[in-house]
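Asker: Could you fit the two chains together into a complex? Lean on the hints.
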Amino acid sequence: MTDLFAARSLMAFSLGFHILFALSGMAMPVLMVLAERRWLARRDPADYVLARRWAKGTAILFAVGAVSGTALSFELGLLWPEFMKQAGPVIGMPFSFEGFAFFFEGIFLGIYLFGWDRIPPKWHLRAGMLVAMFGSLSGFLVTGANAWMNTPQGFDVMIGGVTTSIRTMSDWPAGATLLGAKVVEVRPFEAMFSPAFAEQAIHAVLAAFGAVGFGVAGIHAWMLRRDPGNAFHQNAIRHALIVGGIAAIALPLSGDFSAKHVASWQPAKFAAMEAHWETGPNAPLVIGGLPDEASTRNVGAIEIPSVLSFMAHGDTSATVIGLKDIPADRRPPVAVTHAAFQIMVAAGLTMLVIGLTGIWFLVRGIAPWSRPWFLTTLVWASPLGFIAVEAGWTVTEVGRQPWIANGMLRTAEAVTPMPGLVWPLILYIGLYALLGVVVATLLRYHVMESPSTAELADATRAGAPSAALAELVEGRHAIV
Amino acid sequence: MPSSDFLALLAPGNIVAVVIVVAMLAYALTGGADFGGGVLDLLATGPRAGAQRRSIARAIGPIWEANHVWLLVVLVLMFVAFPTAFAAIMTALHLPMLLMLTGITLRGSAFVFRAYGPDRPEWRRWGLVFGAASAVTPILLGVVFGAISSGRITLGLDGAVKTDFVSEWLTPFPWATGLMLQSLFAFLAATYLTVEEDDPEVRNDFRRMAVRASYAFFGTALLAAIMARTGAPHLWATLAGSYQAWAMQAVLAGVAIGAIVALEKDRFQLARVLAGAQVTLVVLGWAASQAGWILVGQIPLAGSAAPDGILIPVILALVAGLALLIPTFVLLFWLFHRPSRSVAARMERTPSIPLQAEVAPPVR
Chain H
1 MTDLFAARSL MAFSLGFHIL FALSGMAMPV LMVLAERRWL ARRDPADYVL ARRWAKGTAI
61 LFAVGAVSGT ALSFELGLLW PEFMKQAGPV IGMPFSFEGF AFFFEGIFLG IYLFGWDRIP
121 PKWHLRAGML VAMFGSLSGF LVTGANAWMN TPQGFDVMIG GVTTSIRTMS DWPAGATLLG
181 AKVVEVRPFE AMFSPAFAEQ AIHAVLAAFG AVGFGVAGIH AWMLRRDPGN AFHQNAIRHA
241 LIVGGIAAIA LPLSGDFSAK HVASWQPAKF AAMEAHWETG PNAPLVIGGL PDEASTRNVG
301 AIEIPSVLSF MAHGDTSATV IGLKDIPADR RPPVAVTHAA FQIMVAAGLT MLVIGLTGIW
361 FLVRGIAPWS RPWFLTTLVW ASPLGFIAVE AGWTVTEVGR QPWIANGMLR TAEAVTPMPG
421 LVWPLILYIG LYALLGVVVA TLLRYHVMES PSTAELADAT RAGAPSAALA ELVEGRHAIV
Chain F
1 MPSSDFLALL APGNIVAVVI VVAMLAYALT GGADFGGGVL DLLATGPRAG AQRRSIARAI
61 GPIWEANHVW LLVVLVLMFV AFPTAFAAIM TALHLPMLLM LTGITLRGSA FVFRAYGPDR
121 PEWRRWGLVF GAASAVTPIL LGVVFGAISS GRITLGLDGA VKTDFVSEWL TPFPWATGLM
181 LQSLFAFLAA TYLTVEEDDP EVRNDFRRMA VRASYAFFGT ALLAAIMART GAPHLWATLA
241 GSYQAWAMQA VLAGVAIGAI VALEKDRFQL ARVLAGAQVT LVVLGWAASQ AGWILVGQIP
301 LAGSAAPDGI LIPVILALVA GLALLIPTFV LLFWLFHRPS RSVAARMERT PSIPLQAEVA
361 PPVR
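Quick note, the sequences are listed as chains H and F, same order.
For the first sequence, our numbering begins at 1 and goes up steadily by one.
For the second sequence, our numbering begins at 1 and goes up steadily by one.
Hints in this document: simulated from the structure, not taken from any laboratory.
Every value quoted in this text rests on a predicted model; they were computed, and no experiment measured them.
Backbone N, C-alpha and C define an ideal beta-carbon position, used for all residues, glycine too.
Careful, some of the hints might be misleading.
Said to hold, decoys possible - Label pairs and their computed distance ranges (CB to CB): (1) P200/F / Y445/H: 33 to 39 Å; (2) R54/F / G430/H: 29 to 35 Å; (3) G430/H / K162/F: 28 to 34 Å; (4) R167/H / R54/F: 54 to 60 Å.
Extracted from the complex, chain F is given alone in its bound form (with noise of 0.2 Å):
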């Protein structure tokens, strides 16, 4: 009956996926563009270097680290709805996680030691350090994801996972998935800074590097492709097995170009939609092609999600918090990103803070 597979399709662990792929995605747009503008300042040069930094710094500071909890929210909804498949990943995907979060804290870290220490040469250095870890982490996000697409991820038939914890990622696919995501995310980055930066040369170094990180994604993901067909068959079987699919990566080859001529005719607020678009076609492309699997070809999304009693609360909760957060994340950007113009001019004027001397004291 088709009325009862409809319904099948809105069990309570399919909504949870499709909310994982959601902030999967709220995070590449918002997480990925922090880590790209760290692959930007590890690659600023020439005399307007410090002006790129600079620019990158103000973007990046008020935000980064909201931006940064969608990826505890996708943790704790894998661990919440899909254990069994939770457990196999971080158990197989040890090291590459432990490689990443050791990247999360420096770039962090690294970022703060820099705004908030001295204006010295030795804590300048901290720069680097925030550059390099931001480059090599979105590379290590990409391992764990391709690995995950691999299929290399088996378990024994009493459920535990079999693993010697190098092969489900130490081969060609999973880098290559690495690669294509640092460069997706420092375009995006690039991309994001045209439209925030006021100076016209500093706007036309970041064009410059947006519209080379698009080429870099190109390249990278074509490598990706083509180690997907013995990498990651189940991947290729799906991205290459249909028209939809086809059409799909027609599509997504028409975003990026486009982007790409936004840049060059200066329509930096198309380029940014169109640079959204990409990501969002990226990861529910990834998503697509996990084809129902939570992981390839083990375990399966359907049947495997925790019991009921605790996904309709999650979700109940998840509706509820996201009501109010989506409110709070427009009013951030709102406040922060708003056309810098008017953001620069209001940054001129100095506050005038009246002072004790000035004011009477309170009325009790």
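So here's chain H without its partners, still in its complex pose (with noise of 0.2 Å):
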């Protein structure tokens, strides 16, 4: 393994690992949100004791989530310092954005956290908000440093004596690249608002409600499967309909629109993505198939001519670049570009068809936990959000490459001289799996030990109601 794959291999690791619980980080709050605003609503238990459970949930995924990003952060540095050297000053802005969004998001997450019986509910709840609003806007800004990465502007660049001023890609001078070039000034509003800023937080923010929403969705379709009728589960299902089926619905025409946009702004990632190899008008999408970079066909697939036209430029006529028109020192890894879009695809638009039909049943005041079936869809469906998003990460940054700042500097340039990276890999793997087993066994305990109905009865019958539910939040393990 070559150090350069080794470190690609360690970023794509960590990302992945980091993105599964920032996700959580942003989602899970406004779901406590939501539970523990019916609770005041409407005084059900369940609500209390879902809010509850799901602050906790959260704990645990935030938790891991911050360090885990901390380690990414550093890993820029570690890992890509040529690209830091250059790019550092012009990425500040929404990185310095973001650091306070994440100070808030964790003030105001250990204040709804720890203070349940310490300030009025009304606050509380409003704790809860700003942690919502916060996580979500730490996400988009850190989308926006990332979509910097794929129409990199707003600098001057002193490159051989010569200064040139990027006030937009096109302003590159060809051929030239940033490495040991330098940026003598920096225009960090134009920089932090590139072309893909709004196209791609928008799509991520709306993922990550997408994602948790369908998995908690389905967590709880499965426990109510086995234990039938339990309003705690009922609760949840509704929640997390309402969150996960809204961004369903949201996330493909988001997804429309970065499409266009990446088909305008990162023709050769576009290109890859759908396995676009001629250049020509009435261009067709394909479905499918495997994109054979030696032979620059694709094997098995089937075409649908003049479609892609339509969807990249709302013309069937328009042309659209192909593979075979961008260098092949500039071309992304087509296979694994084009299977990450389709899988991508593939589960938004099953995510589409659940949403409208969960959005459906509760506009129409139909429960949802009614239809056996759609329980049973709801249990396969949870994993879809996660892989989509895994799947749409992988579009994002191997559709970049061989850029880690696109056009002007190449992954290769950046990497660090450090030798031996392999090991750093190892070492993460192997962390990175201990902490999702361990991750994954303490949410099953606290899944798996919800309140039974006749405990949440028992509650909320008259006599001490207080302490039977403190007993019920707390579960049958008794904690520190």
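Answerer: Structure follows, in structure tokens:
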């Protein structure tokens, strides 16, 4: 394994791991706030227990997300020092804002988790809303920093004594490299609001809600099948379906916007996503198949004429740039990008159908859990959002190769000279595998010991309700 | 002209450098104490070990994640404002940084695993991981800072770092710095805990730990100073080279002794203030010993900062952000670290939660 490949693998693995927790840190607070709000409005004890249990889940996921995010921030410098040397100041603005957003998220999460009995319920709920708000803001901003890597701009660079102002990607001098260049001025907001910012950040935040909503709905659907009629799981499915369903409906729209944007701004990535080889009008949409990079054609794909032209530019006769018109040393790996894109789209469309059904049930006042087939569907659909997110990040990251800053700095030029990077890779695969297993086990404990219908009924009965409820919150395992 | 010298001091790069030192100090005072708490958790023994650990977990629980963000602030400001030095440091100190990250990851994860795991022996073992990772990470943090001060990280003529990835940090001075930082953090945590603990016996345990950790700090600081003579000549020259530097060290020793006396005399609030002052003097002393260098002997502070176009907006964002952040932090600490008696009284009161059966449905 080359050191470059080890570095890329470590980065991909760390990001792929962190993203699962980052998404949860964004979307779980929304779920717990929905449950708490319903508890305050209707006094359904199932919602109270749910809010507290989800808060515990959030605490575990947020903590692992915080530490793996720290590791990721350091890895930017440890693995790609040449990139950070040039780009660090340029992407400083979103990172600085993200730091503050993360600060506030951490503070209000602390207040939320440990403040149940210390601040008035209304303020406690507001603290939870702030956690949710800053969580999403933080995800929004950090995706903005990634967007700069796709559409870098907003700085003046001196190469060989000549200063060029990069107001947009097309200002970049042909054939030049950022390696060894000097960034002499930065326009931070021009860099922060690079063309890819809006489409990427919106898509990423929606994806977080979709993935977590479906994940949570599936887990509780599974529990509800074993324990029919339990209000704890029914309420959980209601909240999760609202969040996940709305996101699943919005995601294809935002995805279409993103794809059109990528077609205009990152034609190489777009061509690789769609496994599109020949430049020309009436470009066909390629479904499935395996792109063969040696023979520059697709094996076993279904091609629908003109659809790609329409999807990319809103006109069936529009010209779509094909991979053959992109020099081989500027082409991303086609097979991986195409496969990941297809997986993302397939998962997203499946979620759209399920989300529409779920929202339709809720709008019509039909309990989604009253249909056994729907519960089964939710169980099977539960990993779809996470699969789509991992696939989507693969598209955006692998599809940008061989560049770390699109068209300006190659990934190979940015890597650290440190040898033996396979060892950190092995260390982190081991470490994250361990953490993943432990988190899964812990969450399983918390999910498995959900309160039974009888316990909830006992807690609701007059007498000493608060003590009974408090016991339900703690579960059967005492906690430090 | 003196006035232009003064204006030069206010260059955006210098302002960001000051903010970086302030963020380091905030991290040391808050995150450092969280690491120290882990060290004490590891060292907890005797019949009250369980009570000590519970007290530590209670103190760290609500705040450690927010405290931890100060480290990210330092990281981000370094690459935003001093990208060349940042790239050189991250390249040469790859290995200790990687190990430090492993420690940070394990420490945080193990803490929540223990806190939210079932109360069974096999899950309690995460406490050991939490303690061990908390003990090792500050050493590695000290190694990084020691190596930066040592002057061993050098750049070639082309401006790229010349490194074998090992010799910059695998020398005695950075490790002595690491040990010093570890004992300092343990001392800080134990002193904080004497204020927060109600039980006189457990408080006495923390007092004992604080005093011992303070002696350990004296020993390791002396060791680091001896090592600095050859291991970090620039730092040695600054710390031993002027009356001001000696005066500052005398003040540090006075504060440290004062903290021990305050602990012994049951003046815990005073001890906490003195412990904070002690950490502040160490961090500021380190910053002063850099004497205008970002990377000692290689990259001076003046002239190496990123363009003003980014630094000025970042400074403005920092001012605005801190203006909101500091009150929020105060709120957090006020909620959870009020004098412990009132908190204990509150915790004993069972929360009264009205239930569905008792409340009328909301009228719409």
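Asker: Now, for every hint given, state plainly whether the structure supports it.
Answerer: Verification of the hints:
no.	hint	verdict
1	P200/F / Y445/H: 33 to 39 Å	holds, 36 Å
2	R54/F / G430/H: 29 to 35 Å	holds, 31 Å
3	G430/H / K162/F: 28 to 34 Å	holds, 32 Å
4	R167/H / R54/F: 54 to 60 Å	holds, 58 Å
Every hint, counting from the list given before, is met by this structure.
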